[in-house]
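J.: Starting from the structure of chain A, add chain B where the hints point.
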Amino acid sequence: MNRIVATFILLASLVPALSQAELTIEITQGVEGALPIAVVPFESSATQYVPTEDVAAIVASDLRRSGRFAPLAEEDMISRPAEASEVRYPDWRTLGVDNLIIGKIEPGDDTDFRIEFRLFDVYRGQQIAGYSLPVAADGLRHVAHRISDIIYEKLTGQPGAFATRIAYVISETIDGNKQYRLQLADSDGFNPKTLLTSRQPLMSPAWSPDGRRLAYVSFETGKATIFIQEITTGKREEIPSFDGINGAPAWSPDGRSMLLTLSRDGNPEIYHLNLANNSLQRLTVGGGIDTEPAWSPDGRSIVFTSDRGGSPQLYRMPAAGGQARRLTFEGNYNSSADFSPDGRNLVLVHAEGGHYRIAVLNLESGLLRVLTDGNLDESPSFAPNGSMIIYATETAHRGVLAEVSSDGRFRQRLSLRQGNVREPVWGPLDKP
Amino acid sequence: MKFVQTVIAVLAILWIAGCSSTGDSKGDDVAVEEHSDGAGSGFDYSDGAASSGVGGYNQLNIEELNDPDSPLSRRVIYFAYDSSEVAEEDRDLVAAHAGFLAANPGVSVVLEGHSDERGAREYNVGLADRRAQSVRRMLEFQGVAPEQISVVSYGEEKPVIEGYDESSWSQNRRVELVYVGG
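These protein sequences, in sequence, are chains A and B.
Per the working numbering, residue -6 is the first one in the first sequence, and the count goes up by one each step.
Per the working numbering, residue 65 is the first one in the second sequence, and the count goes up by one each step.
Extracted from the complex, chain A is given alone in its bound form (with noise of 0.2 Å):
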């Protein structure tokens, strides 16, 4: 295994205005053949406000970590361009930069602030994208990461999932009292804002395909209950509930159903939800445990956790129902499915000797490949562009998020300062 382990620690500090996030961003495998690109850092010269953010170093850090960037040091620049009459492709050569990146920020007209960038091609010596967005003093850090979108999806081809946001579960003990939080953050981890907080456990957050709403199991009740919440208002319903498991919300592509485990006929079963109607229709049949349901992107099949072969494994079924077929064969223990955004893998969560890890299936060859080497790395999510997977880990115990490349090259820990966080989802792209 490719096992060159550079580790840089970001820390919050050496970016503007970011102390009060208490995030540490720790690259724990990093990737020979990562590009290497140039931001300079943007000039600015808005009068009125002063922006509070480091656009160039966000998307920098952005870059650095999708894993297919080398960003220079800023210290290792020999010039800092603002215009692209100020670039000279040679200086450019010699650091051994293939693109570069340079912009401005000025006062906007009918917002606070303009942002011009460029991005260039430093050996054939032209311009590939040159935009300007206008943006409120508070959407900075929004509009650096669609700026990294941009030039993800330029460089790459692909799109990039910069501007998207997670959610997650904390608990904290608190003056000896255990505290639950559902948090919603950018993707990079900045940001933290709290859904909802209990006393009582909070599990299994899923985004709405629209990424305006969130299901999650609560328990304040003293029973587990699937509640829906808007995001935006905070307003919230709940789905009807039985005795026993309401459990592992799992949207359909198209937002009008769900798929959720129960246990009402005194077994873990996967029942189908019509949220137009609340009319269930139960899937999954025999004496064993079903759950943890995964939608197929096109909504055609779903995948699902069960031990009715003796241990913990993946199988797929039609989303109507029907025969189920089991999809994992090697280990005794592989679970948490969740499909790739082109629906040809799946990520999961694969045991052997003790030792829980990420793992991703092709599902066309079969073939399962382990990504991690932690001991219980669990949770795994799809980046909406399928290029990173986020995941639970601990370090010293702690429930930790981290993040590993799609092809398993590229690892770092994203650290909050307190709590210990799992159950990372990774929300829809953001549709402009």
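Worth flagging that the hints you see were computed from the coordinates, not collected in a lab.
Predicted, not measured: the structure shown is a model, and the values here were computed from it.
Yeah, the Cβ is synthetic: ideal placement off N, Cα and C, and Gly gets one too.
Keep in mind that a hint or two might mislead.
Derived coverage of chain B by chain A (criterion: at least 3 residues anywhere in the stretch with Cβ under 8 Å from a Cβ of chain A; other residues may be distant) [unchecked claim]: (1) 154 to 167; (2) 176 to 188.
Listed next, the in silico DSSO-like pairs over lysine-lysine satisfying Cα-Cα at most 27 Å (straight line) [said to hold, decoys possible]: (3) B:222 with A:186; (4) A:171 with A:147; (5) A:171 with A:97; (6) A:186 with A:228; (7) A:171 with B:222; (8) A:228 with A:171.
T.: Showing chain B alone in chain A's frame:
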């Protein structure tokens, strides 16, 4: 009898103290006790919040449940790894609870299923549910009405011990019987 009353009073005081320290008010209801540690291995249940999951404990002053010499004072059943089978040595205990519930149809029990931390969270909810359902089936088989029993599966979310080895895990794989009503 006097002894039992003292136990109730002491437990009630402990419980109220637990509540006030956690700010978790449940009104004036007097719970018999929030939990029994079953095996008597000295778990610290002094934190009322650790078990405040089931709201609305009603008045339940049945002395039999408080008698430390009664098997009914043991309300936790432990399970082997990845197993939902009630162990041979716990069958008499389940039978004692079944006899009590059958004789007291006004009393209900919540079977709280728990697992250790290893493996997927929702799968563990499934596993812990299966444990609680095994106990439910045994109770029903021995004459307890289905309406007296409800099941909540917490999976790995509420460990008794936050430990990382088999000695902790074995304490966390359990079903707790929580009495309600009366």
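J.: Please flag the earlier hints that this structure goes against, numbers listed from lowest up.
T.: 1, 4, 5
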